[in-house]
Amino acid sequence: MTERRPLTLHVPEPAVRPGGSPDFSNVKIPKAGAVPRPNVDVDPEAIRDLAFSIIRVLNRSGEAVGPWAGLLSDGELLEGLRHMMMLRTFDARMLMAQRQGKTSFYMQHLGEEAISCAFRRALSPGDMNFPTYRQAGLLIAGGYSMVDMMCQVYSNSRDPLKGRQLPVMYSSKEHGFFTISGNLATQYVQAVGWAMASAISNDTKIAAAWIGDGSTAESDFHAALVFASTYKAPVVLNIVNNQWAISTFQGIARGGAGTFAARGLGFGIPSLRVDGNDYLAVYAVARWAIERARRNLGPTLVEYVTYRVGAHSTSDDPSAYRPKAESDAWPLGDPIIRLKNHLIMRGAWSEERHKQAEAEIQDTVIAAQKVAESYGTLHAGAKPSARDMFEGVYAEMPPHLRRQRQQAGV
Amino acid sequence: MARMTMIEAIRDAMDVMMARDERVVVFGEDVGYFGGVFRSTAGLQQKYGMTRCFDTPISEAGIVGTAIGMASYGLRPCIEIQFADYMYPAYDQIVSEAARLRYRSNGEFTCPLVIRMPTGGGIFGGQTHSQSPEALFTHVAGLKTVVPSNPYDAKGLLIAAIEDPDPVIFLEPKRLYNGPFDGHHDRPVTSWSKHHLGEVPSGHFTLPLGKASVAREGSAMTVLAYGTMVYVAQAAAAEMGVDAEIIDLRTLIPLDMETIKTSVSKTGRCVIVHEATLTSGFGAELAALVQEACFFQLEAPIARVTGWDTPYPHAQEWDYFPGPARVGRALVETMEA
Numbered sequence: 000m001t002e003r004r005p006l007t008l009h010v011p012e013p014a015v016r017p018g019g020s021p022d023f024s025n026v027k028i029p030k031a032g033a034v035p036r037p038n039v040d041v042d043p044e045a046i047r048d049l050a051f052s053i054i055r056v057l058n059r060s061g062e063a064v065g066p067w068a069g070l071l072s073d074g075e076l077l078e079g080l081r082h083m084m085m086l087r088t089f090d091a092r093m094l095m096a097q098r099q100g101k102t103s104f105y106m107q108h109l110g111e112e113a114i115s116c117a118f119r120r121a122l123s124p125g126d127m128n129f130p131t132y133r134q135a136g137l138l139i140a141g142g143y144s145m146v147d148m149m150c151q152v153y154s155n156s157r158d159p160l161k162g163r164q165l166p167v168m169y170s171s172k173e174h175g176f177f178t179i180s181g182n183l184a185t186q187y188v189q190a191v192g193w194a195m196a197s198a199i200s201n202d203t204k205i206a207a208a209w210i211g212d213g214s215t216a217e218s219d220f221h222a223a224l225v226f227a228s229t230y231k232a233p234v235v236l237n238i239v240n241n242q243w244a245i246s247t248f249q250g251i252a253r254g255g256a257g258t259f260a261a262r263g264l265g266f267g268i269p270s271l272r273v274d275g276n277d278y279l280a281v282y283a284v285a286r287w288a289i290e291r292a293r294r295n296l297g298p299t300l301v302e303y304v305t306y307r308v309g310a311h312s313t314s315d316d317p318s319a320y321r322p323k324a325e326s327d328a329w330p331l332g333d334p335i336i337r338l339k340n341h342l343i344m345r346g347a348w349s350e351e352r353h354k355q356a357e358a359e360i361q362d363t364v365i366a367a368q369k370v371a372e373s374y375g376t377l378h379a380g381a382k383p384s385a386r387d388m389f390e391g392v393y394a395e396m397p398p399h400l401r402r403q404r405q406q407a408g409v
Numbered sequence: 000m001a002r003m004t005m006i007e008a009i010r011d012a013m014d015v016m017m018a019r020d021e022r023v024v025v026f027g028e029d030v031g032y033f034g035g036v037f038r039s040t041a042g043l044q045q046k047y048g049m050t051r052c053f054d055t056p057i058s059e060a061g062i063v064g065t066a067i068g069m070a071s072y073g074l075r076p077c078i079e080i081q082f083a084d085y086m087y088p089a090y091d092q093i094v095s096e097a098a099r100l101r102y103r104s105n106g107e108f109t110c111p112l113v114i115r116m117p118t119g120g121g122i123f124g125g126q127t128h129s130q131s132p133e134a135l136f137t138h139v140a141g142l143k144t145v146v147p148s149n150p151y152d153a154k155g156l157l158i159a160a161i162e163d164p165d166p167v168i169f170l171e172p173k174r175l176y177n178g179p180f181d182g183h184h185d186r187p188v189t190s191w192s193k194h195h196l197g198e199v200p201s202g203h204f205t206l207p208l209g210k211a212s213v214a215r216e217g218s219a220m221t222v223l224a225y226g227t228m229v230y231v232a233q234a235a236a237a238e239m240g241v242d243a244e245i246i247d248l249r250t251l252i253p254l255d256m257e258t259i260k261t262s263v264s265k266t267g268r269c270v271i272v273h274e275a276t277l278t279s280g281f282g283a284e285l286a287a288l289v290q291e292a293c294f295f296q297l298e299a300p301i302a303r304v305t306g307w308d309t310p311y312p313h314a315q316e317w318d319y320f321p322g323p324a325r326v327g328r329a330l331v332e333t334m335e336a
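For the record, the sequence lines run as chains U and X. With numbering that gives the first Met the number 0 applied, the first sequence corresponds to residues 0 to 409, in that order. With numbering that gives the first Met the number 0 applied, the second sequence corresponds to residues 0 to 336, in that order.
Hint data in this document are derived by calculation from the structure and do not stem from the laboratory. Hints may contain errors.
As the list claims (entries may be wrong) - Only part of the chain U face toward chain X is listed, based on derived beta-carbon distances under 7 Å: (1) Phe-23; (2) Lys-161; (3) Asp-219; (4) Ala-256.
Just so you know, even glycine gets a beta-carbon here, dropped at the ideal spot from N, CA and C.
Produce the complete structure using the sequences and hints provided.
Laid out in structure tokens, this is it:
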């Protein structure tokens, strides 16, 4: 008989806490170009190892190498660079606006710009994203009006959502951007349902689901994988692993699994990991997964390995739970710098042109901000009417709400 | 007109809508091949094919979550949660998502979705097959909540719910599926085939959401009830010889306050009856609304007869259930007050 010793509970801890030296030796990074590119109709069982590797295209010297390279022209890459720079500048301006009291809250993408910007390029008109709060690149790269985004952040009189939603919880059906909930993981399974509806209707559109590393622990994530797997829904299941769920390191949600991508294997879903700071790799993998969905081959799970350089939100202070210099030690670098260096190496770009572009983008964003602020900010200027608060709860206002609106005197 | 049980009327409503509108899809646990544990979807898969009526994994959050995605795409899902008691894993999807899509997207995304759930006790289902969670839905802005009490209403209301542009919770009192149960569990139940409300028109017809019906006209007091309790109240009034006006609310949100106000203003007395637990139940809302609207016409305190504030017990089902004896006592006390 086994001796009955007292049991002990295992609580995972990150490698380093504030005051320690950043250490990412546990993040195994294969050489760029090393991971093969299977055909999209591959048997999922044959590519189980892709859930444990990292697909990378840009190597340390800035060259695009391997079987996932060569899909984008210089012009497309320059546009991609511009999208990421726009998003970063937009974030910086909105972050500052929040600090100036022009809005209540903001969430930036710093370090994660490649993921939503490159993914957007691989989609077709009519496809639908079910995003989290850190995929605004889908809008910026999709040509959505930056002024409208700012008006939403400011909850001002031109806010497309009439001041009803927390800043950054955008919605644009026209741009394939489903209304962001703010509750985590709920939309993952809705994306699967949307994709199922497209298949039921014999349509050609596909859906993209988005979730963070921490929220994969929600049961909705698992429900989404079951339904996607069972009905072979035309959906790309994206997991953005930025290492931190507010203050909680990714090991708490990941548990004993080697990777988040590995979650897909038990469901028979092809599951890939990709360098989330490599615009070319993100695009290549997105295109592969989207093509699978489009060809009715079913869902694909993609884990983007990245790092959240900024705070979770303006209500968060990461210095309380991780080393200050941790982002500098992140081994996959910065997505903008990496693409910039690649373009310079190709002779399509230069440091001067980059500086010039930065200045131009800064001017564009500031100009948009001026326009947006002319329609008000959260605490100053024009704002949505209190009457709007009662509209749109139902298609038709029921008697009890009409009564309450009268009581409110609006 | 055809004679139907409530199950048949509900199935007929879905059949009519699936034939008329190819956007209508039906799914849930055991709903497809087998046709549902209560047989509400029997034959629909055979008639409309695998992609319009199908079985799902046992995941209520998955069922409702995917249905929300489908509704936002443009389909009109009419889904089944096998028992209302199983709804809780999907509650976040219902409350935070289905109910709010229209509002938070300023109408860009909407959720025309019906969630059917068998509700209520009286079948020795214990605490996991007997609950009446309607107040958990009426409390949520953006949802409509419907509780039919007979085959005719069930069909007309379900078709209206499927055609409604917003999410509708459709609670089916399972004790009424086969006949109008009056709470006398020790007596045989009449079947719908012998009841005039078991006569259901064929084809398409709707009853408006937000319109109550008067199940019994009377002048001495008003009884507000819905679902199974409509028949319990009728039995109690007959046994106690009280000339009660019994109002079958049919939909809780939107609520037909006009009918309630007219009746209570006429009778001056009001008893509210529901099977769900008392505290923070829908009866509390009704009592507040009635006193706001009719305080100066009231001649007695508003009474509530409900399930006790305990989990739904198994062996003690008939001690828990607000049957004709308890309801009858409340009617008499309210008359004497």
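### Message
Need the list of violated hint numbers for this structure, in ascending order.
### Response
The structure conflicts with hints 1 and 4, although it agrees with all the remaining ones.
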